[in-house]
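J.: One-letter residues, chain by chain:
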Amino acid sequence: MSVKSQIELLLREAEIYRSQGLLVEAKGKYNVAVDLIGKLDQAKNKEALIQAICRKIKSLTISYHQIERAQEAPQMPPKVQDLVKNLFSFSQDKDEDKAALEGAITLAKFGQYDRALEEFSELTKKDSLRVVACKNILRCCFSVYSPEEAVERYKKWLKDDLYSKEQLQKIRLFLEDLLEKKGIEIQLPAVLDADEATIDQDRVDEDLIDISSIGITFEGGPQKGQMVEMEVSFQSGNMISLIVSSKDRELIESLKVGFRLNDVQFFSPIAIFQGSGIVMAKTKINSGPKRGDYSLDIKIVNT
Amino acid sequence: MAIFNLKKRVIECKIVYYGPGRCGKTTNLEYIFKAYKKQIKGEMVSINTEGDRTLFFDFLPIGLGKVKGCDVRVQLYTVPGQVQYSSTRKLVLRGVDGVVFVADSLKVRREKNMESLQDLQKNLKEYGSSVFKTPLVMQFNKRDLAAQGIPLMSIEQMARDLNRQLKVPYFETSAFLGQGVGQTLKECMKLTLQSLQKQVQWAQ
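For the record, the sequence lines run as chains A and B. Those letters in the first sequence? Residues 1 to 303, per the working numbering, in order. Those letters in the second sequence? Residues 304 to 507, per the working numbering, in order.
Since the hints were made in silico from the structure, they are not lab data. Since this is a predicted model, take the numbers as computed values, not measurements. For each residue, glycine too, the CB sits at the ideal point set by N, CA and C. Incorrect hints may appear among the rest.
Claimed, not checked - From chain A, some residues computed to sit far from chain B (all C-beta separations above 12 Å):
id, residue
1, 58
2, 79
3, 109
4, 209
Claimed, not checked - Partial chain B-side listing against chain A, Cβ under 10 Å, derived:
id, residue
5, 362
6, 367
7, 369
8, 380
9, 390
10, 433
11, 445
12, 451
13, 452
Between the sequences and the hints, there should be enough to build the whole structure, so can you do that?
T.: Dropping the structure here:
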């Protein structure tokens with residue numbers, strides 16, 4: 001086959017691939033054609049031909065990038081969203097609420113997050129579906145917004161009377177897991193018992209003295225029955241901060257946020273008293289001489 | 304998964320057109336929509352995006368009349384072929400009763416055909432099914448392009464690449480011209496109904 005015929009065939013192929021939407025293949029053929037034309041010594045309008053093909057290559061590159069940049073899951077019209085819910089909800093559950101939940105999950109799976117979030121929010125009003133609806137809201141937040149948005153939602157639910165302590169604990173654990181999987185370190189506020197959070201706290205706040213150190217006796221785990229003493233590095237009202245050495249791995253692991261310490265001795269310059277506390281935050285120290293150690297915030301809830 | 308309503312004597316089943324991007328899956332459904340108007344039970348739904356690519360799926364409900372006294376309704380779907388839409392492809396494949404694998408005859412798409420068949424096998428496996436057990440028909444599409452001098456794979460080569468182990472019925476087609484589209488669907492329907500018949504003994 002003559003070079004001219006080869007070039008003609010390449011250009012014809014490239015044109016067909018382009019019309020078929022096979023942009024990479026079309027570009028490949030155009031490039032080979034340009035190379036071949038470049039090698040011709042006495043081609044008529046050689047430069048003009050190369051320029052024309054290069055313009056086509058450029059146009060293909062633009063189209064390719066437009067496709068690559070296109071939104072992966074654009075919002076469908078509501079009618080199509082309804083169809084998707086209908087076609088891809090498989091359980092045929094006769095329970096209306098459960099069917100609604102499955103529909104919302106289907107929308108989320110197809111990337112229809114705005115409507116899915118609306119439907120999940122509506123489902124949080126149903127006690128039996130509240131936890132699963134909240135978990136799905138958190139998943140959507142991770143997909144479409146950010147982990148911070150998920151944390152904000154959780155904080156909002158903490159303040160809402162609608163949620164029981166048990167429900168909040170489950171949601172918190174789920175969110176903690178999501179954050180951990182993403183390698184994000186955000187300290188989530190603990191779920192407090194309504195009584196602990198108000199009545200007891202108020203009483204403790206009233207007449208709390210300066211605490212210099214504490215002794216925690218563990219009720220379970222590898223340190224069961226042992227008392228571990230730690231110095232208080234900072235105190236603000238009923239909130240004390242402690243530094244836990246990075247070497248105390250067992251201790252760091254057992255003192256999870258939300259963990260209730262039922263047997264704590266509080267040492268002050270004038271008295272020793274017994275009480276309980278809740279681990280409110282655990283933060284790794286990233287700079288300074290205590291780098292690698294953990295700062296632990298404990299709220300004194302009963303003395 | 305097919306729905307049997309023996310009381311109303313209705314069978315509903317799902318056939319999915321699978322294959323690499325731009326192989327002609329949507330073109331198949333478009334042709335069926337135009338050519339089998341009488342059997343069409345609703346609108347064809349397509350959600351395309353930049354570059355006219357299928358983004359989620361195409362959906363076309365058709366009626367196939369009565370088989371052994373039962374009204375047979377079929378839902379035809381396509382999947383998005385582009386590699387990045389893997390999760391959507393898997394979602395659409397859920398509950399499938401029969402598959403039409405549309406392979407692109409263009410030589411330059413050889414690898415993509417094989418990748419897509421692997422992807423189908425993987426997704427069916429994840430649903431606890433198997434590409435060997437699912438009613439499957441193959442289409443070697445775009446045969447019309449040979450007339451324009453475009454390099455195509457031979458049927459033998461395509462069968463070797465894609466159908467050596469599966470040994471399923473295959474058709475040379477041009478979805479663009481409608482050639483072989485009806486035969487492919489008919490064969491897939493036949494295999495699907497045979498498979499469903501094994502699952503449920505419907506009343507005579």
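J.: Each hint needs a verdict: does it hold in this structure or not?
T.: Consistency of the hints with the structure:
no., hint, result
1, 58, "holds, 16 Å"
2, 79, "violated, 9 Å"
3, 109, "violated, 6 Å"
4, 209, "holds, 58 Å"
5, 362, "holds, 7 Å"
6, 367, "violated, 19 Å"
7, 369, "violated, 24 Å"
8, 380, "holds, 8 Å"
9, 390, "holds, 8 Å"
10, 433, "violated, 20 Å"
11, 445, "holds, 8 Å"
12, 451, "holds, 6 Å"
13, 452, "holds, 6 Å"
The structure shown violates the earlier hints numbered 2, 3, 6, 7 and 10.
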